[in-house]
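J.: Using the hints, position chain B against chain Y.
Chain by chain, the residues run as shown.
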Amino acid sequence: MRFWALQKLLGLSLKRDASLAYSSIFGIGLATGSLLFFLGLGFGLTSFIQHLFPVEAKRVEVKAPQWVVGETEYKKLDEVACTDFQKLKHVRALFRKMEVRAPGITRVNDDILGMRIDMGLEVMAVGVEPALFGEDIEQALFVEDEEAVPAILSTYLIDVYNQHFAPKNGLASLKGDMLKGFGFDVIFNRSFFAGNTGERVRQEFFVAGFSPKAFLAGISIPLESAKRLNRTLGREAEQYSSVVVEVDDSTHIASVIQQLERLGFKTDEGERRFVQQLGLATWATTGALSLLSILIGVLATINIAQGLSHSLHMREGELAIFRAVGATSAQLVGVVVAQAFILALAGGGLGVLAAWGGGYLLDGFLFQALGAITWLPKRFFMLPVGVYLGGVMGAILAALLGVWGPSRRLLRRGIAEVLAGR
Amino acid sequence: MIFVHNLTKIFEKAAHAQGVHALSIPSLEVSLGEFVALTGKSGSGKTTLLTILGGLDSCYEGEVQVGGEVLAKLSSRALAKFRAETVASVFQSFHLIPGWSAEENVALPALFSKTSRRGVRPRALQMLEAVGLHDKAKSTPAQLSGGERQRIAIARALFAGARLLLCDEPTGNLDTQTTQGMVDLLSRLNAEGLTLVVATHEPLLLSAASRHLTLAEGRLQ
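Top to bottom, those sequences are chains Y and B.
Adding 179 to a residue's 1-based position in the first sequence gives its number in the working numbering.
Adding 13 to a residue's 1-based position in the second sequence gives its number in the working numbering.
None of these hints come from the bench; they were simulated from the model.
Everything numeric in this text was worked out from a predicted model, so none of it was measured.
Beta carbons: idealized from backbone N, C-alpha and C, even for Gly.
Where hints are given, some of them may not hold.
Stated by the list, open to error - Cross-link-like lysine-lysine pairs, in silico, DSS-like; alpha carbons within 25 Å at most:
hint, chain 1, residue 1, chain 2, residue 2
1, Y, K187, B, K151
2, Y, K254, Y, K406
3, Y, K187, B, K127
4, Y, K268, Y, K242
5, Y, K237, Y, K392
6, Y, K255, Y, K242
7, Y, K194, B, K151
8, Y, K255, Y, K237
9, Y, K445, Y, K242
10, Y, K194, B, K149
11, Y, K392, Y, K445
12, Y, K359, Y, K392
13, Y, K242, Y, K266
14, Y, K254, Y, K237
15, Y, K187, B, K149
16, Y, K187, B, K94
17, Y, K445, Y, K406
18, Y, K557, Y, K359
Stated by the list, open to error - Okay, the calculated beta carbon distance ranges per label pair:
hint, chain 1, residue 1, chain 2, residue 2, range
19, B, E42, Y, G593, 23 to 29 Å
20, B, H147, Y, L474, 55 to 61 Å
21, B, T227, Y, L576, 55 to 61 Å
22, B, Q193, Y, E596, 33 to 39 Å
23, B, K86, Y, L471, 52 to 58 Å
24, B, Q193, Y, G593, 31 to 37 Å
25, B, G46, Y, L576, 50 to 56 Å
Just chain Y, same shape as in the assembly:
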């Protein structure tokens, strides 16, 4: 059959069965659209959770001190332990962390961005290896400097300030960049709660950047700065507070945890588990909605199949005439399949548009409702192009499966039998 002939037959058929065509397109569109929408929501929320709780599946944190049952001494989380960790199978990198083991306070009494700020704050500092922040910060700025130590603040601190502190105190909202470079002094061995804990040591700091991976309840500083401060303050400066162990592949994380436990160390999986559970909960919810969409899809497919099958039965006489003038069964199956393909393509396209539009509206609504929070994702609805294409392909496949059987069955009937109305 020539292409022009197929085009003509399809055109005439679709024109005559326009209402069936529209309802089929709507059904396919509804199924595809809802499936893609819920998938997009699932992808988006999972990505958001990972962004919000940046615990990577490839990392596990070893905490110190670690008491071992039966031993009088606890395992030291020092360079010796780190050397042992490095030798473990599947371990790719280590990121050491060391708290500054003395309390500290800062006092701000200055005009900042046109606002008079006069307040005192308890400051906790944690030294971390710069590589842990990756591209979140300017690595060149994050190096030990005795004059002024760079400090990385948690992105969420800005939000807490903007959402709660600033409105209550009539202060202006802040953006991260505004604070970059802002300097402040911290007096160590001094606490508003514990008083003096030793000889006071003053250290100047400056804000070097923001990261969601930064210490939430204080400042993150270079590891070398923390070591130096601890030495200066007469505190333990050899043992780490924790060590983040990165494995070569997330599938090896359990094996590495087992190896760490054999060495006598325990890992802090609380946050990891929480994020995993949150991710699972998100996927369970969106998965259930996706299953509902699949159910809608199955029902739509049955509806499409029944609709097209009904249409085929209505056209049984016409198809018999086609066969009487020389059409082969293969040609007619081709026409029916091509018609289903067109309907599915149109329905799938409609579904893609509906899902994309729904996601766009959802994003708009959520961003408006949640306001200016810096840690919000760029989009709540995220769907890779491949999934959109997959949705359309699925719709086409469902429609083709729906018409293949009925058309073959129908064309098995004798022409004379059909034309005689038997």
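T.: Relative to chain Y, chain B alone:
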């Protein structure tokens, strides 16, 4: 053109019930260019014979040869080709596609052949001209009279250049004047070399035919 040997057709009934003998023809031959009129009461097997000769019914026993082809031996695809090129059937109830114009109905066989698009319209108009309906090319079946519809059906049958035309009661739904026109048309086509087998009771058609065959209870008299 047509050779039939020991043709038997039985309509199957429900399980355990005996089938009905619709046809039982020991021998039949129709030569090229003949105009054969097939008569018989309703239910005598005229339509059944035509559908078998036209390759529309393959459930029979015996040998049926049309245009040199043994129909029982043809594959589904070859049988479709046979229906497209060798034989054309005109049915009592026309079997036109509603909603399609006369021109589209006439050109229907072209949709399933390897004909190029360019030649289709001129050929359809030529066929409409041949049946005297060139001015009705854009009319749909609903806008045409019974006689006109029958002529459209004949034009469609002639479109692919078949050598054998099988007509089932072509004047069954027509008035006297239109019937005469149909008889003239079929006579002219026969004179141009087309072999005709026509099932009819119409005296005008019977008088135009070169041979009469009568069927009674599926048997030739």
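J.: All hints are to be evaluated individually against the structure, with a verdict given for each.
T.: How the hints compare with the structure:
{"no.": "1", "hint": "Y:K187 to B:K151", "verdict": "holds, 16 Å"}
{"no.": "2", "hint": "Y:K254 to Y:K406", "verdict": "holds, 20 Å"}
{"no.": "3", "hint": "Y:K187 to B:K127", "verdict": "holds, 14 Å"}
{"no.": "4", "hint": "Y:K268 to Y:K242", "verdict": "holds, 20 Å"}
{"no.": "5", "hint": "Y:K237 to Y:K392", "verdict": "holds, 15 Å"}
{"no.": "6", "hint": "Y:K255 to Y:K242", "verdict": "holds, 10 Å"}
{"no.": "7", "hint": "Y:K194 to B:K151", "verdict": "holds, 17 Å"}
{"no.": "8", "hint": "Y:K255 to Y:K237", "verdict": "holds, 24 Å"}
{"no.": "9", "hint": "Y:K445 to Y:K242", "verdict": "holds, 7 Å"}
{"no.": "10", "hint": "Y:K194 to B:K149", "verdict": "holds, 22 Å"}
{"no.": "11", "hint": "Y:K392 to Y:K445", "verdict": "holds, 22 Å"}
{"no.": "12", "hint": "Y:K359 to Y:K392", "verdict": "holds, 17 Å"}
{"no.": "13", "hint": "Y:K242 to Y:K266", "verdict": "holds, 18 Å"}
{"no.": "14", "hint": "Y:K254 to Y:K237", "verdict": "holds, 24 Å"}
{"no.": "15", "hint": "Y:K187 to B:K149", "verdict": "holds, 20 Å"}
{"no.": "16", "hint": "Y:K187 to B:K94", "verdict": "holds, 21 Å"}
{"no.": "17", "hint": "Y:K445 to Y:K406", "verdict": "holds, 23 Å"}
{"no.": "18", "hint": "Y:K557 to Y:K359", "verdict": "holds, 22 Å"}
{"no.": "19", "hint": "B:E42 to Y:G593: 23 to 29 Å", "verdict": "holds, 26 Å"}
{"no.": "20", "hint": "B:H147 to Y:L474: 55 to 61 Å", "verdict": "holds, 57 Å"}
{"no.": "21", "hint": "B:T227 to Y:L576: 55 to 61 Å", "verdict": "holds, 57 Å"}
{"no.": "22", "hint": "B:Q193 to Y:E596: 33 to 39 Å", "verdict": "holds, 34 Å"}
{"no.": "23", "hint": "B:K86 to Y:L471: 52 to 58 Å", "verdict": "holds, 55 Å"}
{"no.": "24", "hint": "B:Q193 to Y:G593: 31 to 37 Å", "verdict": "holds, 35 Å"}
{"no.": "25", "hint": "B:G46 to Y:L576: 50 to 56 Å", "verdict": "holds, 54 Å"}
Of the hints listed earlier, there is not a single one the structure fails to meet.
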